[in-house]
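J.: Sequence:
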Amino acid sequence: MWHKTGAVITGIVLVSLLAQARFFLPDNPVPITLQGFGVLMLGSVLGLRLGLLAAIGYYLIGMVGLPVFAKGGAGWDYVAHGVTGGYLLGFILAAGVIGYLPSARLG
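In the working numbering, the protein residues as written are 8 to 114.
Treat the hints with caution; some may be incorrect.
[To be verified] Distance ranges between label pairs, derived from CB positions:
no., residue 1, residue 2, range
1, Phe44, Leu67, 35 to 43 Å
2, Ala111, Val71, 29 to 37 Å
3, Met8, Lys78, 29 to 37 Å
4, Arg112, Val90, 35 to 43 Å
5, Ala28, Arg56, 21 to 29 Å
Keep in mind the hints are simulated off the structure, nothing from the lab.
Since the structure is predicted, the reported quantities are computational estimates derived from the model, not experimental observations.
Every residue gets a Cβ at the ideal spot worked out from N, C-alpha and C, and that includes glycine.
Produce the entire structure from the sequences given, and follow the hints as far as they go.
T.: Next comes the structure, spelled out in structure tokens:
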């Protein structure tokens, strides 16, 4: 039980750190980060349930005000009025899909 909790917390911390490493392309307000890679790793390493739990936990921690999103962003205002709000919700879906794929019977 505790090793699963530790894995989820480690995943949240990893994605939070990867979100801070960023760069911008010319004329594009959306930062390029390693955050997406981290979210995909959540699903592939932790699996469907724990990957989803970590992705949702990351989102909720940012929503309550901890600066875990890109550029140190946090809170409802950042998600609702920022240019990356849709990406943050998509990260939850991405972690779930990647976590589901190993168990899916494709073909």
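J.: If a hint holds in the structure, say so; if it does not, say that too.
T.: Right, here's what the structure says about each hint:
no.: 1; hint: Phe44 with Leu67: 35 to 43 Å; verdict: 21 Å, violated
no.: 2; hint: Ala111 with Val71: 29 to 37 Å; verdict: 33 Å, holds
no.: 3; hint: Met8 with Lys78: 29 to 37 Å; verdict: 35 Å, holds
no.: 4; hint: Arg112 with Val90: 35 to 43 Å; verdict: 38 Å, holds
no.: 5; hint: Ala28 with Arg56: 21 to 29 Å; verdict: 28 Å, holds
Hint compliance for this structure: hint 1 is the single one not met.
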